[in-house]
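A.B. asks: These are the residues of each chain, in order.
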Amino acid sequence: AQSVTQPDIHITVSEGASLELRCNYSYGATPYLFWYVQSPGQGLQLLLKYFSGDTLVQGIKGFEAEFKRSQSSFNLRKPSVHWSDAAEYFCAVGGVPGGGADGLTFGKGTHLIIQP
Amino acid sequence: NAGVTQTPKFQVLKTGQSMTLQCAQDMNHEYMSWYRQDPGMGLRLIHYSVGAGITDQGEVPNGYNVSRSTTEDFPLRLLSAAPSQTSVYFCASSYSRGGNAFFGQGTRLTVV
Numbered sequence: 279a280q281s282v283t284q285p286d287i288h289i290t291v292s293e294g295a296s297l298e299l300r301c302n303y304s305y306g307a308t309p310y311l312f313w314y315v316q317s318p319g320q321g322l323q324l325l326l327k328y329f330s331g332d333t334l335v336q337g338i339k340g341f342e343a344e345f346k347r348s349q350s351s352f353n354l355r356k357p358s359v360h361w362s363d364a365a366e367y368f369c370a371v372g373g374v375p376g377g378g379a380d381g382l383t384f385g386k387g388t389h390l391i392i393q394p
Numbered sequence: 108n109a110g111v112t113q114t115p116k117f118q119v120l121k122t123g124q125s126m127t128l129q130c131a132q133d134m135n136h137e138y139m140s141w142y143r144q145d146p147g148m149g150l151r152l153i154h155y156s157v158g159a160g161i162t163d164q165g166e167v168p169n170g171y172n173v174s175r176s177t178t179e180d181f182p183l184r185l186l187s188a189a190p191s192q193t194s195v196y197f198c199a200s201s202y203s204r205g206g207n208a209f210f211g212q213g214t215r216l217t218v219v
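Heads up: the sequence lines are chains A and H, in that order. 280 is the number that our numbering gives to position 2 of the first sequence; each next residue is one higher, with no gaps. 155 is the number that our numbering gives to position 48 of the second sequence; each next residue is one higher, with no gaps.
FYI, nobody ran anything at the bench for these hints, they're computed from the structure. Fair warning: there could be bad hints in the mix.
A short list of chain A residues far from chain H (calculated; beta carbon distances all over 10 angstroms) [unchecked claim]:
1) Arg300
2) Gly340
3) Ser351
4) Asn353
5) Val359
6) His360
7) Ser362
8) Pro394
When the alpha-carbon atoms are kept at most 30 angstroms apart in a straight line, the in silico DSS-like pairs for lysine-lysine are as follows [claimed, not checked]:
9) A:Lys339 to A:Lys386
10) A:Lys386 to H:Lys116
11) H:Lys121 to A:Lys386
12) H:Lys116 to A:Lys339
13) A:Lys346 to A:Lys386
The model shown is predicted, which means the values in this text are computed figures rather than measured ones. Glycine is no exception: its CB is placed at the ideal position from the N, C-alpha and C atoms.
Sequences are here, hints too, so could you generate the full structure?
C.D. replies: Here it is as structure tokens:
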């Protein structure tokens, strides 16, 4: 079965600094890859997704992610964070047998704290 | 557009009670799914559906039932609530397998 690892439970970044959130997946083929953001008390919002093609994916709110097949990674980046980026971030895998948007496998999340 | 609507937003149940969490989407999506979110665990798939009349189990299906009689609705039933089912429940839908999943706002359930 596929799995998703987000090694960082919490990350603290100063406002205006750059950000990188790590995500590694385990699956034999290349699955669909997603990053979602969850603000407190809210549902999940899609930031970006990778299906195929260009390995650098642009998303909403100035986020981007790079797919690296050799490292089974899909790290999320932002050049300059804003206080409003404080939230929980989830990496997810889909599009595999028993998976897909009919069944995503999520990492445990990274809680992003922004320091003034 | 309403998107994905979940009701209720909050619910307290006593152990052994049953209830149904409602989920409706107005985007004509074929794919719908239910997740539970627990602290430090991320979201885990309970059940999913690839179309009306078709459902299947996810990672943590025990204690839950689903049915899909229409494209729009995908209710989740707790048969006999247990404290271990205290969680936040999210419903999601998407147009295609692997497509962008739209999530509801969640139902916070407490079982005492």
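A.B. asks: Indicate, hint by hint, whether the structure satisfies it.
C.D. replies: Now the hints, each set against the structure:
no.: 1; hint: Arg300; in the structure: 15 angstroms, holds
no.: 2; hint: Gly340; in the structure: 19 angstroms, holds
no.: 3; hint: Ser351; in the structure: 17 angstroms, holds
no.: 4; hint: Asn353; in the structure: 17 angstroms, holds
no.: 5; hint: Val359; in the structure: 22 angstroms, holds
no.: 6; hint: His360; in the structure: 23 angstroms, holds
no.: 7; hint: Ser362; in the structure: 19 angstroms, holds
no.: 8; hint: Pro394; in the structure: 26 angstroms, holds
no.: 9; hint: A:Lys339 to A:Lys386; in the structure: 22 angstroms, holds
no.: 10; hint: A:Lys386 to H:Lys116; in the structure: 23 angstroms, holds
no.: 11; hint: H:Lys121 to A:Lys386; in the structure: 29 angstroms, holds
no.: 12; hint: H:Lys116 to A:Lys339; in the structure: 27 angstroms, holds
no.: 13; hint: A:Lys346 to A:Lys386; in the structure: 20 angstroms, holds
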